[in-house]
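So the sequence lines, in the order shown, correspond to chains A and B.
Going by the numbering used here, the first sequence opens with residue 1, and the numbers climb by one from there.
Going by the numbering used here, the second sequence opens with residue 1, and the numbers climb by one from there.
For the record, the hints were derived by calculation from the structure and aren't laboratory data.
Hints may contain errors.
[Unchecked claim] Here are the simulated DMTMM-like pairs of lysine to aspartate or glutamate, each with C-alpha atoms no more than 20 angstroms apart in a straight line:
#	chain 1	residue 1	chain 2	residue 2
1	B	K72	A	D48
2	A	K49	B	E71
3	B	K59	B	E71
So the chains spell out like this:
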Amino acid sequence: MTDFTPLPALAGGVLIGIAVLVLMALNGRIAGISGILGGLLPPAPAQDKGWRIAFLAGLVGAAFLYIAFTGGGIVQSVSSNLTVMTIAGLLVGFGSAMGSGCTSGHGVCGTARLSMRSIAATLTFMATGAIMVFVMRHMVGG
Amino acid sequence: MTRIIASLISGLIFGLGLIVSGMVNPAKVLGFLDVAGNWDPSLAFVMGGAVAVTFLGFKLLGAKPRPVFAEKFHWPTASEIDTKLIAGSAIFGAGWGLGGFCPGPAIASLGLLRPGTLMFLAAMVVGMIIARVASQSGPAPVPGES
Chain A
1 MTDFTPLPAL AGGVLIGIAV LVLMALNGRI AGISGILGGL LPPAPAQDKG WRIAFLAGLV
61 GAAFLYIAFT GGGIVQSVSS NLTVMTIAGL LVGFGSAMGS GCTSGHGVCG TARLSMRSIA
121 ATLTFMATGA IMVFVMRHMV GG
Chain B
1 MTRIIASLIS GLIFGLGLIV SGMVNPAKVL GFLDVAGNWD PSLAFVMGGA VAVTFLGFKL
61 LGAKPRPVFA EKFHWPTASE IDTKLIAGSA IFGAGWGLGG FCPGPAIASL GLLRPGTLMF
121 LAAMVVGMII ARVASQSGPA PVPGES
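Isolated chain B, as found in the complex:
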């Protein structure tokens, strides 16, 4: 139960951060990505603030043996820069630049019930399922190879 409450509180603070920073507004995100137009650098400050706090906090947590309510820290272990990472990120960025939403702000906007948001969210879930199914089935094994 403590883990559920901790997650809920983290989600609430995360959502408030997205709202206060203006990142829930796709117009602001598109203004940041529009480097050739009327550039709005705000998003760099959102990222800068978030990364700075996270960097310092992760350094402190790195010295701790375990989290408060769980057995271990699930630090990511993947380090390879492969085609899947770059192609996926490129596709994600194209969608981000098209709609002005990434997953966090879109989910945080659910309760505002804008038709564009609801459509985006439904399509996003479908896109995730397609990628997960494709990745699970993987490329067909070549006969003769182990």
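Next up, chain A with everything else stripped away, as it sits in the complex:
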């Protein structure tokens, strides 16, 4: 159970939007994370690896920057059930590659472009995500 935190949520969302705009304005690329990572993977990785690796390095480095600047830790509660996390990772990787996008590519970039394709994808993964949580928490019992 977590508390409703509208202001940090909105501030973080604005930062994500700025990051998306920086990548498009400067490099002309969509900040879709599954697509950026997917372009580095076999078979047939993309030719343009440099900017992809740099973006992912920034994503990883943000945690260190945050901790260095605030002196605080990052609140995070990750399941320690490695079987569950393995299945979750397989589904997220397979599904986002098959559906050509995840929360960033379809959810933020595509929705902001009013792409019906991305809006359909977003509604779909929101729905199955909610169904999965309902099943795990209210039917299987957590």
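With chain A's structure known, arrange chain B on it following the hints.
Just chain B now, with coordinates in the frame of chain A:
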């Protein structure tokens, strides 16, 4: 080199956004998806803020001839809503609701070295490779069809 630095800065800001918003915390994501339980609507504000800024910025960029450090804007062109899109998104959502991670927050959490995160990331990469291999080989061509 400028393109590499621009990407690095974008990734850093994106990661900070995920951390500040609380989206790196799977418990918060699951709280958002738990509409029948103790619902935490925070994630709607993350998405709302990100989409609003992106919407306005993309409108402005749409009038520009080219990006600062590259030859052209790579705007997505696909528009069809097909089985692959919906099935893939449905599978992705199921995994998101199971672990509370989507690709961005999971990658942004790599440095915190939690066992669940590392396992998720390894499995996610494997899942992506499987989907990419399957999509490349595609369905076997039917004899007689061009």
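If any of the earlier hints don't hold here, list their numbers in rising order. Violated hints: none at all, because every hint is consistent with the structure.
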